[in-house]
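Undergrad: Throw the hints in and build the complete structure from the sequences for me.
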Amino acid sequence: MPIFSFIAYPENSMKDQLIKDLSLIQYCEVKPSDNKDVLILLTDTPDEETNKNLINKIKDLPSLQSLSMTFGHTD
Amino acid sequence: MTITRRDFIRSMALKSAAVAAATMFPGISFAGWKPTDLPAGSIQWNKTPCRFCGTGCGLLVGVSGDRAVAVKGDPKCSVNKGLCCVKGYHSVQILYGKDRFKTAYVKKNGKMVPTPIEDALDLVAQKMKEFIKEKGKDAVAMYGSGQWSIPDGYVSSKLFKGCIGTNNLEANARLCMASAVTGCLTTFGLDEPMGCYEDIDNADVFVTWGNNMAEMHPVLFSRMLANRKSKTHVKIIDLTTRSTRSSQAADISFIFNPQSDLALANAICYEIINNGWVNEDFVSKHVSFHKGKTNIGYGIQDHFKFKDKAETVDFEALKTFLEDYTPELAEKISGVSAKNIKYLAALYGDPEKKVTSFWTMGMNQHTRGTWINNLVYNIHLLTGKISTPGNSPFSLTGQPSACGTVREVGTLTHKLPHGVVMKEGARKMAAKIWGVPETNIDPKPTYHTVEMFRALDRGDLTFMWIQVTNPMVTMPKLKRYRDGAKKDGRFIVVSEIYPTPTSDVADVILPSALWVEREGFFGNSERRTQHNAQLVPRPGETMCNTWQIIQVARRLGFEKQFPWSQETYIEDIWNEYIQFHDTPKHRMAPYKELTQRSGIQWPYVEGKETRWRYNGKYDPACRDDTFDFYGKPDHRAWIWLRPYEPAAESPDREYPFWLNTGRVLEHWHTGSMTRRIPILHKAVPESYVEINPKDAMSLGVVEGSKVKISSRRGSLIMKASINGRGNPPMGMVFVPFFDESLLINEVTLDAFCPISKQPDYKKCAVKLEKV
Numbered sequence: 001m002p003i004f005s006f007i008a009y010p011e012n013s014m015k016d017q018l019i020k021d022l023s024l025i026q027y028c029e030v031k032p033s034d035n036k037d038v039l040i041l042l043t044d045t046p047d048e049e050t051n052k053n054l055i056n057k058i059k060d061l062p063s064l065q066s067l068s069m070t071f072g073h074t075d
Numbered sequence: 001m002t003i004t005r006r007d008f009i010r011s012m013a014l015k016s017a018a019v020a021a022a023t024m025f026p027g028i029s030f031a032g033w034k035p036t037d038l039p040a041g042s043i044q045w046n047k048t049p050c051r052f053c054g055t056g057c058g059l060l061v062g063v064s065g066d067r068a069v070a071v072k073g074d075p076k077c078s079v080n081k082g083l084c085c086v087k088g089y090h091s092v093q094i095l096y097g098k099d100r101f102k103t104a105y106v107k108k109n110g111k112m113v114p115t116p117i118e119d120a121l122d123l124v125a126q127k128m129k130e131f132i133k134e135k136g137k138d139a140v141a142m143y144g145s146g147q148w149s150i151p152d153g154y155v156s157s158k159l160f161k162g163c164i165g166t167n168n169l170e171a172n173a174r175l176c177m178a179s180a181v182t183g184c185l186t187t188f189g190l191d192e193p194m195g196c197y198e199d200i201d202n203a204d205v206f207v208t209w210g211n212n213m214a215e216m217h218p219v220l221f222s223r224m225l226a227n228r229k230s231k232t233h234v235k236i237i238d239l240t241t242r243s244t245r246s247s248q249a250a251d252i253s254f255i256f257n258p259q260s261d262l263a264l265a266n267a268i269c270y271e272i273i274n275n276g277w278v279n280e281d282f283v284s285k286h287v288s289f290h291k292g293k294t295n296i297g298y299g300i301q302d303h304f305k306f307k308d309k310a311e312t313v314d315f316e317a318l319k320t321f322l323e324d325y326t327p328e329l330a331e332k333i334s335g336v337s338a339k340n341i342k343y344l345a346a347l348y349g350d351p352e353k354k355v356t357s358f359w360t361m362g363m364n365q366h367t368r369g370t371w372i373n374n375l376v377y378n379i380h381l382l383t384g385k386i387s388t389p390g391n392s393p394f395s396l397t398g399q400p401s402a403c404g405t406v407r408e409v410g411t412l413t414h415k416l417p418h419g420v421v422m423k424e425g426a427r428k429m430a431a432k433i434w435g436v437p438e439t440n441i442d443p444k445p446t447y448h449t450v451e452m453f454r455a456l457d458r459g460d461l462t463f464m465w466i467q468v469t470n471p472m473v474t475m476p477k478l479k480r481y482r483d484g485a486k487k488d489g490r491f492i493v494v495s496e497i498y499p500t501p502t503s504d505v506a507d508v509i510l511p512s513a514l515w516v517e518r519e520g521f522f523g524n525s526e527r528r529t530q531h532n533a534q535l536v537p538r539p540g541e542t543m544c545n546t547w548q549i550i551q552v553a554r555r556l557g558f559e560k561q562f563p564w565s566q567e568t569y570i571e572d573i574w575n576e577y578i579q580f581h582d583t584p585k586h587r588m589a590p591y592k593e594l595t596q597r598s599g600i601q602w603p604y605v606e607g608k609e610t611r612w613r614y615n616g617k618y619d620p621a622c623r624d625d626t627f628d629f630y631g632k633p634d635h636r637a638w639i640w641l642r643p644y645e646p647a648a649e650s651p652d653r654e655y656p657f658w659l660n661t662g663r664v665l666e667h668w669h670t671g672s673m674t675r676r677i678p679i680l681h682k683a684v685p686e687s688y689v690e691i692n693p694k695d696a697m698s699l700g701v702v703e704g705s706k707v708k709i710s711s712r713r714g715s716l717i718m719k720a721s722i723n724g725r726g727n728p729p730m731g732m733v734f735v736p737f738f739d740e741s742l743l744i745n746e747v748t749l750d751a752f753c754p755i756s757k758q759p760d761y762k763k764c765a766v767k768l769e770k771v
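From first to last, the protein sequence lines stand for chains A and B.
Be aware that the first sequence starts at 1, since it is given in the numbering used here, and climbs by one per residue.
Be aware that the second sequence starts at 1, since it is given in the numbering used here, and climbs by one per residue.
Hints are computed from structural coordinates only; laboratory data are not their basis.
Beta carbons are placed, not taken as given, at the ideal position from N, Cα and C, and that holds for glycine.
Hints are supplied without guarantee of correctness; some may be wrong.
[What the hints assert, rightly or not] The list that follows gives simulated cross-link-like pairs (lysine-lysine, DSS-like), each with its CA atoms no further than 27 Å apart: (1) Lys682(B) to Lys52(A); (2) Lys36(A) to Lys81(B); (3) Lys719(B) to Lys52(A); (4) Lys36(A) to Lys231(B); (5) Lys770(B) to Lys694(B); (6) Lys229(B) to Lys15(A).
[Claimed, not checked] If we take Cβ atoms under 10 Å as the criterion, some of the chain A residues that face chain B in the derived model are: (7) Met1; (8) Ile3; (9) Phe4; (10) Ser5; (11) Ser33; (12) Lys36; (13) Thr70.
TA: Spelled out as structure tokens, the structure:
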């Protein structure tokens, strides 16, 4: 049951798009900053395989510039 | 309200991200969302200093049952005001690695065999007795750490120097801040910074000298960024030999050639004098001028000896000396343009600007480390920008108690808790407090760290007890010292928490209690002593390092000197130790107050901490309310004439690259703790070599290519990193040293500063080959 958190950096001027993109993906919870161009992303998946696929899917988002992991837990 | 384990972990994950974001982006907010606290009562929160770097962040560790389960920044701690970095936030996980040593091990027939700890302690004491009887007291040694809690270092000094009578006591802080010590002693006559972290809130200009604070001291760096954000005129100037995350955040980054900081600092002084920016009133009242020996060598050969000799000179002599360091001449040495040197000097010289200089390993791990410390002090002394809020030359430390345990307790061969072994008065004081004959304390220092491991290799000493450090990863020119430790007739005791390359060479492994599994004290970079209580039970047969030493001391027959009970020994030791510092220059806070507060700065006089030393407005040890550099007999700070001299080894045709080594944000030192924190390990799972993109192209190397990096000492193969978080200039490579499976110190050189004896891990010559 992996749980991770990240600071997500959008591509230039794509913060709103990134929030929308991530919000539509299952297992993602988003906390956008209202005064900086970053957001917090929480992923909570049922197993390692789902988590791996999820991360790959997120990394493919054109609105995402980069992810910095801040917390990780796997049982 | 009930909370599931999963809810708790989700909450921690969100809080972790929020804290990291707040560290990186001071003032960040999340549209009304605030990471909520967990329900009261489910977790007990207790204060403790962080276990990692020398910043000394105050943490609150959450304990549930017998287990530490969470960490948050302590908002009452003035150091970090509730923030912590990614390492601090995950720090409780260092307690629970699967391969934790929970029992002692003794080597039998070549194999490490689990052994009851009392039997292992018997063997340690028996071996010490045998070696002392057979080879003399100087055959046994202890090698400790800036991660030692203060009582660990204190009892080892008492045992080795006071009871056994050998000065064979060193600590790994020799490798990280000895040049800062000798810099302070030669300039001010007393050790440790005069300023404090409040300088960060008050300065107008920050100059970081060879110091990647964004990764190594991230909480202090974020405090700098916060100051800059709140006052638009604040500037951060990064002086560096390679581009780092600190460079990216700085207003300006100047890249200088390795070792040329000596020329750069002298050129800044030249400009300050040439432009009439000297604070003449301050200089005439509070400064004197001196020069020492030159062409002082590099200590590469065994038994190297050096003793500096100070000659008093005058301001005119300094002016003449600096004529060799005009900005134009310094440009040729440093690679920094004369125009930029003049700009830097103008920042230091502007009487309206408060300037703080920060440094760590770039200046300290340097074959002229003492000299470059002196030269940066010179800049601040010429301009009178010292010992006032925002005006500070400030050496930051890398370990949680390099200051508290090594510099203050004096766990180096020449030191005592107060003063040095060479001074009769210091020996008398120690003998009286320790209850030993004065003749027990040998007036001659023996081995500094590099020479101590050389002596082990040669067989001049045969028993070494290593606590809380990992020299089989960190020693430069490592192969010689690893082979030496493995030789027949050597007996190595290692007190550790996890298997390391150092425990691999042990004859006895003693399982140590760690951090909040025991009571203790750390001392951080700004003279702040921080107490930690025992918050969780010790696992298995693990034992506090202090208690291990006490147990062996008693077995050696020193029951009288080590009489304390297991219930109160930390408090009793503290009360004995602070007798060494009972003057207004260094008075320490009482035990009870330390247990109640998130750290107290010394000198602590009549219930008041001293923020800025040597300034009578703040420091009760001064003669009056003006400046008083009372560490020197003339009550003046000393400006030293120190020239540029080249590195011990420079790139040549055969080995055309500089090798620079250091750390990364996620891993702390040799990684023996942080590599057992899954998230940190996953973030940076292995070491790598940073290569400039143009050099990489010339070599035909791309990101992730395997590269062989070789010096005259050794070689290893590792992956290339190109345009990663750091970017060295052409002709330099950088390798982090945290990875015990990729030992970069096989390649480094054991040259050191002849005054501080601190090795230079930043400069040697290597070649690269694509594999």
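Undergrad: Against this structure, judge whether each hint is valid.
TA: Checked hints:
Taken as a hint, the Lys682(B) and Lys52(A) pair is honoured in the structure, with Cα atoms around 13 Å apart against an allowance of 27 Å. Between the alpha carbons of Lys36(A) and Lys81(B) the distance comes to roughly 21 Å, so the proposed pair stays at or under 27 Å and holds. At most 27 Å may separate the alpha-carbon atoms for a hinted pair to count; Lys719(B) and Lys52(A) meet this at roughly 24 Å. At most 27 Å may separate the alpha-carbon atoms for a hinted pair to count; Lys36(A) and Lys231(B) meet this at roughly 18 Å.
The hinted pair formed by Lys770(B) and Lys694(B) meets the criterion: a straight-line CA distance of about 14 Å does not exceed 27 Å. As the CA atoms of Lys229(B) and Lys15(A) are separated by approximately 22 Å, the hinted pair is consistent with the 27 Å bound. The restraint placing Met1(A) at the interface with chain B holds, with a minimum CB-CB distance near 7 Å, inside the 10 Å limit. At its closest, the beta carbon of Ile3(A) sits 5 Å from a beta carbon of chain B; the interface hint therefore holds under the 10 Å criterion.
Interface hint at Phe4(A): satisfied, since its Cβ lies 7 Å from the closest Cβ of chain B, which is below the 10 Å cut-off. For Ser5(A), the interface hint holds, since its Cβ comes within 10 Å of a Cβ in chain B; the closest pair sits about 4 Å apart. Nearest Cβ of chain B to the Cβ of Ser33(A): about 5 Å, under the 10 Å cut. The hint holds. Given the 10 Å rule on beta carbons, the hint for Lys36(A) holds: about 5 Å separates it from the nearest Cβ of chain B.
The beta carbon of Thr70(A) comes within 4 Å of a beta carbon in chain B, closer than 10 Å, and the hint placing it at the interface holds.
The structure is consistent with each of the numbered hints, conforming to all of them.
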